[in-house]
Structures are given as structure tokens and as C-alpha cells.
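Enquirer: Spelled out, the chains give:
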Amino acid sequence: MQQLNDIVVVGLGNTLMTDEGIGIHVLCLLMSESGRHDHIDMVEAGSSVMSVVHSIAGRRKAIIIDCARMSEPAGTIRRFTPSEVESTKSLPHLSLHEGDLLTALRLSRDLGEHPDEVVIFGIQPETIAPGDSLSSTLQERLDYYLETIASEFHSASHTPAPGTAQPHFESHIPD
Amino acid sequence: MSKTIDINVHHVTRIEGHGNIVLKASDGTIEKLEWQVPEAPRFFEAMLRGRLWDEIQPIVCRICGICSMSHSLAAIKAVEDAMGVVVSDQTNKLRILGHYAEQLESHSLHVGYLVAPDLLGVKSVVPLASSHPDAVKTIIAIHRVGNQWMELIGGRMTHPVSLRIGGFGKLPTEHELRELKNSLEETVPKLEVLADLVLSLAGNLPAFERDTEYVALVQPGKYPFYDGDIGSTDVADPVDVHEFESVANEYVTPQSTAKWAKWHRDSYAVGSLARYNLNADNLLPLATKTAKAFGLEKGCCNPYMNSVAQIIESVHVVERALQLIDELLTAGIKPEVPHVEPRAGMGVGAVEAPRGILFHRYAFDDDGRCTSANVCIPTNQNHANIQKDLEALVPQIIDREQDEIRLMLEMLVRAYDPCVSCSTHYLDVAFV
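Same order as they appear, the protein sequences are chains A and G. Mapping the first sequence onto this note's numbering, position 143 (from 1) lands on 143, and the numbers just tick up by one. Mapping the second sequence onto this note's numbering, position 14 (from 1) lands on 14, and the numbers just tick up by one.
Treat the hints with caution; some may be incorrect.
If you anchor each label on the Cβ, the simulated ranges turn out as follows [as the list claims (entries may be wrong)]:
(1) Met31(A) - Glu336(G): 22 to 32 Å
(2) Asp116(A) - Ser200(G): 50 to 60 Å
(3) Lys222(G) - Glu140(A): 52 to 62 Å
(4) Asp211(G) - Ser133(A): 42 to 52 Å
(5) Gln3(A) - Glu404(G): 47 to 57 Å
(6) Arg369(G) - Met31(A): 21 to 31 Å
Derived list of chain A stretches under chain G, where covered just means 3 residues or more per stretch with a C-beta under 8 Å from a C-beta of chain G [claimed, not checked]:
(7) 8-22
(8) 35-46
(9) 102-108
(10) 133-142
Derived contacts from chain A toward chain G, CB cut-off under 8 Å, selection only [to be verified]:
(11) Val85
(12) Glu86
(13) Leu111
(14) Pro130
If you're looking for bench data, these hints aren't it; they were derived computationally from the structure. Don't be surprised by glycine CBs; every beta carbon is placed ideally from N, CA and C.
When you get a sec, could you build the whole thing from the sequences and use the hints?
Expert: Laid out in C-alpha cells, this is it:
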């Protein structure tokens, strides 16, 4: 079996539903930067949220990129940990099949497979509707998302000891 | 004393997408009983028109996060049918191998994460991680093998990227196939553990039966998922897949945004139990042994037993996959370069998705651009049957307590493993 890297970046979303696919669009850009992130595994989980449980098992750090409704202006990117949010979905903890990422992460934690650190980058959508391209609001900010997320895992790759907490910050859209 | 029942399950949990159950009754008289699907249509078929022949699979594989291999294979087979492409024995075997991965992945997800909580009396799999950690770890391990298996054949855990019209973009190596074989051999005892767990709880599955027409792919001497004609338990002669519209007879109903289907009766059922009822004679030995342990007879009309049939199929696909890997290794993996000459035409692809028979039909112009598309999914074929089951079940349990009735109705819907829509999943959060 392939050797796992300490850090994994997981992209979630459906690129057929406009901004819902932002996690995949950003991940593909990261993957296209040949040679820059060789020490990091990149996983496209698409809309199979339960795959996240497997993708993050055995890692030191997991970075998850996903579309997130956060009551922020469209295009905002926020960094948070699972403990810093609660799901406001109508069925937040009853339906794994509905695809709640936070529930999947809780299952991973309860099974003892959770990485020392899990960071989520949520990006506020402008549009979620059938269509295979991003809204112009998110499209124009792709480079910013890329650099924001890349700086997170490059700082993590230099962390000397497992379990070391990363400094908390929030990244909003640039002015 | 008068008794009023007012059940409005909005939405049913532990299914894919959103569906509602509404039951209103007074003094034993049913006033309203509906299985409702309120999801907005996704219009994927419209998205396909105007696309080139080789763009179809990368799009349709994202219709569903769980059935992405089935949608890919149905689409690829339809395009190949339209363009007269014949693939090698190696390609067919590798595709079947990848398709089995999806069956294992999906069935373990459904039985382990979605049905087991009902049998153990909890609301989700999460509390089971504390109360039944060994069982959950076994389920996770089986699901993980399915994921890794999908990644090897499809190039990704979901939404496969290695499949091509005419062949594969990237082939697994013989070394990787040997590793997969080892992994699957280690999975067999885990499946036995899962089967024993469900068997020990099978008494909690309601003993409800309704005479039903079952529909699935059939092929002489086989338990097919990837090939075959359309078989029905109501008639002896199967129908060619090119005639699938005359089987599904899709129609609309006011209580649902999804289409419904019917063939020889008011409704029919697809899925694991349908496949079992049509093809159980062709199961491999360990799967047959598992079926006997559950006492599942061919011809069973208890929809709750669909989950048991999923366990039996999980064993079967692993058994058959081990045979297929041996056949591939004996022949040796040979490099192939897919070659397609686009042409005008129309084609159909049919496969068994985990939830039942799935049809794709496409037409192309001279440049190989899609001019029409029709995707007929298994869950839509089951909606009418779910309604008919509810109508037969409720009078039998109308005297029970409302909470018990509600649970039995929810379990019935969940047994079908409906995939109403998993095309969106975004986070919806508040900061605390």
C-alpha cells in the first residue's frame, strides 16, 4: 500500500452545482502546482462525505476545503476547527447519508482515528444551483483561496511535534 | 375511545436526500398516506445536451457520490453502444471489478451506518462508536476496503477518472491486483462478522410481506450487475435493455417531484432483493451459505429484507472479485489504447447500481455531440412501490402506538436505500 503523508488536504463538493464545488476547484488548483506540495497528500472526496473518515485516518493533520454557509458575504473564506462550529442543517446529527461533514468527523474522533489536528476552510457560496462553473465572485478569488490554504499546510509541514496547536486565525475576503 | 394518528416525517433520516412520510388517520380510517419527494429536479440531462461524447462520463459520475461508478459504467456503455465500440475482455473484467467495489462500499454504508442503528435502537451510527465499537470498526474496515478498491480501479475513491470510452486511461498493475486480492481475502471474515451481527438482530426486522413485481438484470447462469437483459418476476421472457422505456413507463404524480415507474402492475421494485429474487440460484458458495443462515428464500416479498440481500451480495461480489483477479492475473494485464471514431447514433447502457437497475440513453450527431439524454435511476423506479408498501403495511399496524408506527414506516423507506439526491452536501454552520 502507498505510504501516507502526515498531512492530507481533502476537497469536498459537487462541481455540477456551481459554488457547491468550490472545494474541488481549489483542490485541483493545488494539485496542478507540480512539485510545490509533494510532501502532502491531496484527496478529492467529491460528494462522498463518508470517504473523509478514511482519508484522514492515520494522519497528523487534515485540512478540509468545503463550501460552507456561514452567514458571511459571498466569497468569504474562514478557517475553523470542528469544535468551533455547530451544524445548523435541518438534520445535523441524524443523517450521515445526508452528508454532514461534522458528523463524519465526530465518528472519526469517537473511533480514535482522528488526526491530532483538523482544520476546515469554509468558503461562503454565492450560488448553489445546477451548473458546472463557479460564480464570478468565487472565480475571481481562487488565487486568494489558494494562497490562504497553501500557507496553512506549509506552516503545518514545519511543525516539529505531533499535536502542536496551530495559531488560530480567520481569513476574510480581501478588500 | 377515539384514536388519531398524525405522522409527518419531514424528512426521513438516514436516506440519501429528502423524502417525507405523511400519515393521518382517525379511528382506524386512513385519511392520508403519502410517500413524498419534495427535492428540486437537478436537470442533469439538460446539462449533457451539446456535450461531446467523451465529456458524458466525467459529468454523470458526479450525479451521485455513492453510485458514481454505476453512472459512469451506464454512460460509457451507452456511448459505446451508440458508436459501435467493442471493448476487450480485460476491460470488461476490470470494469466489473470496479463495479463490485461500489456494491461493497454502498452496501456496507447502508447496512452498517443507516440500518444498524434501527436494529440497535439508536438514532445514528455515532453512538454505536461508543456502545458497539468493535462492530463499527468492522463496518468502517469493510467500507474502507471498498473505498481503496474503487480508487485502484477508478483512479479516485469516488467519481472515477480512469474509465474511458473503449477502455481505461490507467490500468492497475499486477502487483496492485495481488495486493487487492490479499485485502479482499482479509475482508471475507469481516463480512462474516457483519452478517453474524445483523443475523443476531434480524428478529427486529418487521415480518411484513406484500406480493410484488421485482425487476433486475438477468443473464443465464450469472448474478449480473454489469450485463444482461431486463428480467421480471412476473414474466418468463426478459426484455432487451434498449426497450427500457417500455419497462419503466415513467410518469409524474402530484405528491412527488421525482418520476414514478410501473410495468406489469401499479408498481415494481428494484435493488438487492429484486436481484436476489431473480438470480439467487447463481450466487457463489459463501454467499449461498450466508443466505441460508438468514433463511432468505428466493421469492421473498418482505421489503425489509433488502438489507439482508445487501449483505449476501457483499459476500458474493468479494467472492467473484477474487475469481476475477485470478483470471486477470493468469492472462496478464496488457496495455491497451482506447480508440473511438465518433459517429452519429443512439445507445443504451444498463447496469445494476447498488440501489437497483440504472438506465442511460444518449443520442449523438455526426460530430459526436449529445443531442438527447435520458437517465432513469433506480430510486425513481422504487417510489411507487414504496407508496404501495405503505398502503399495505399501515392497515396491519394501525392499532399500534404512533411512535412505533412511525419507526416502522421510516424503516420501510430506509430498507429501499433510496438515493433521492446527494448532489449537494455543503456545510451549514454557526460559529460557537
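Enquirer: Each hint should be assessed against the structure and marked as holding or not.
Expert: Going through the hints against the structure:
For the pair Met31(A) and Glu336(G), the beta carbons lie near 26 Å from each other, so the given range of 22 to 32 Å is met. Asp116(A) and Ser200(G) have their C-beta atoms about 37 Å apart, which leaves the hinted 50 to 60 Å range violated. At about 53 Å, the CB distance of Lys222(G) to Glu140(A) agrees with the hint of 52 to 62 Å. A beta carbon spacing of about 49 Å between Asp211(G) and Ser133(A) agrees with the range 42 to 52 Å that was offered as a hint.
Our hint of 47 to 57 Å for Gln3(A) and Glu404(G) holds, since their Cβ atoms are close to 52 Å apart. The hinted window of 21 to 31 Å between Arg369(G) and Met31(A) holds, with their beta carbons roughly 29 Å apart. Proximity of the region 8-22 of chain A to chain G, defined as three or more residues with a beta carbon under 8 Å from a beta carbon of that chain, is established by the 7 residues found. A stretch counts as covered by a chain when three or more of its residues have a beta carbon under 8 Å from one of that chain; for the region 35-46 of chain A and chain G the count is 4, and the coverage holds.
Interface restraint, the region 102-108 of chain A with chain G: holds (4 residues with C-beta to C-beta distance below 8 Å; minimum three). Residue count for the region 133-142 of chain A with a Cβ under 8 Å from a Cβ of chain G: 0. That is fewer than the three needed, and the coverage hint is violated. Annotation: interface hint on Val85(A) holds; nearest CB of chain G at approximately 4 Å, less than 8 Å. For Glu86(A), the shortest C-beta to C-beta distance to chain G is roughly 5 Å, which falls under 8 Å, so the interface hint holds.
The interface hint given for Leu111(A) holds, since its Cβ lies 5 Å from the closest Cβ of chain G, which is under the 8 Å cut-off. The interface hint given for Pro130(A) is met, as the beta carbon of that residue sits about 5 Å from the closest beta carbon of chain G, less than 8 Å.
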